[in-house]
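When you get a sec, could you build the whole thing from the sequences and use the hints?
Heads up: the sequence lines are chains A and B, in that order. Quick note on numbering: this note's numbering labels position 60 of the first sequence as 60, and the sequence is numbered without any gaps. Quick note on numbering: this note's numbering labels position 3 of the second sequence as 3, and the sequence is numbered without any gaps.
Certain hints may be false.
Stated by the list, open to error - Under the rule of at most 20 angstroms between Cα atoms (straight-line distance), these lysine to aspartate or glutamate pairs were calculated in the DMTMM-like manner:
no., chain 1, residue 1, chain 2, residue 2
1, B, K83, B, E24
2, A, K42, B, D38
3, B, K57, A, E3
In short, the hints are calculated from the structure, not lab data.
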Amino acid sequence: KQEVTQIPAALSVPEGENLVLNCSFTDSAIYNLQWFRQDPGKGLTSLLLIQSSQREQTSGRLNASLDKSSGRSTLYIAASQPGDSATYLCAVLYNFNKFYFGSGTKLNVKP
Amino acid sequence: DGGITQSPKYLFRKEGQNVTLSCEQNLNHDAMYWYRQDPGQGLRLIYYSQIVNDFQKGDIAEGYSVSREKKESFPLTVTSAQKNPTAFYLCASSLTSGNQETQYFGPGTRLLVL
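Next comes the structure, spelled out in structure tokens:
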């Protein structure tokens, strides 16, 4: 059974700090991995998508890496801002659009 | 504006009642999905549809039913057989069912049991 784990479950940092969110998955036969942001009571917004053949993707202050062999992905957020406060979810695609989601890391960036 | 709409935002269900959650998209996407999110947990796939008039069960389909009569619409019915329906329900769509497609999510419907 595919499992996706995110550590830590919650993180609180002062504004301006660089931070890393972790995602691990048990089965390395993935098609792609996505990082999403979810604000309280809202839907998900896609941040980055990494294909299985890629090692990393960047968008602005965000950088996501993928190491399939070790079953890990990290989301790096540079120079964090209070507006980054949200829950960050990673999702792994194995086949035919069956995404498996982690339970998320709730990030609080303090002004 | 292109996007995915879900209605209602909040829905209350009485015991033994079937309720239907609406999901509409104007993105011209072929594939649509329904997920359930419980507090502190990730999303779990209920049903998905890769094309009109076709849909497949996800990991937790018991107690739910769907239809896909139109490309832009994918309603989810929570039946009385679903004994623990209280959750946040999210609809999503993607251009195709290919592995390179990202999913776009609606704002969600919160279902509560009276």
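The hints, checked one at a time:
Between B/K83 and B/E24 the CA atoms are separated by roughly 26 angstroms; this puts the pair beyond 20 angstroms, and the hint is violated. Taking the CA atoms of A/K42 and B/D38, the gap is near 13 angstroms; set against the 20 angstroms cutoff, the hint holds. This hinted pair checks out: B/K57 and A/E3 have alpha carbons roughly 19 angstroms apart, not beyond 20 angstroms.
Hint 1 from the list above is the single one not met by this structure.
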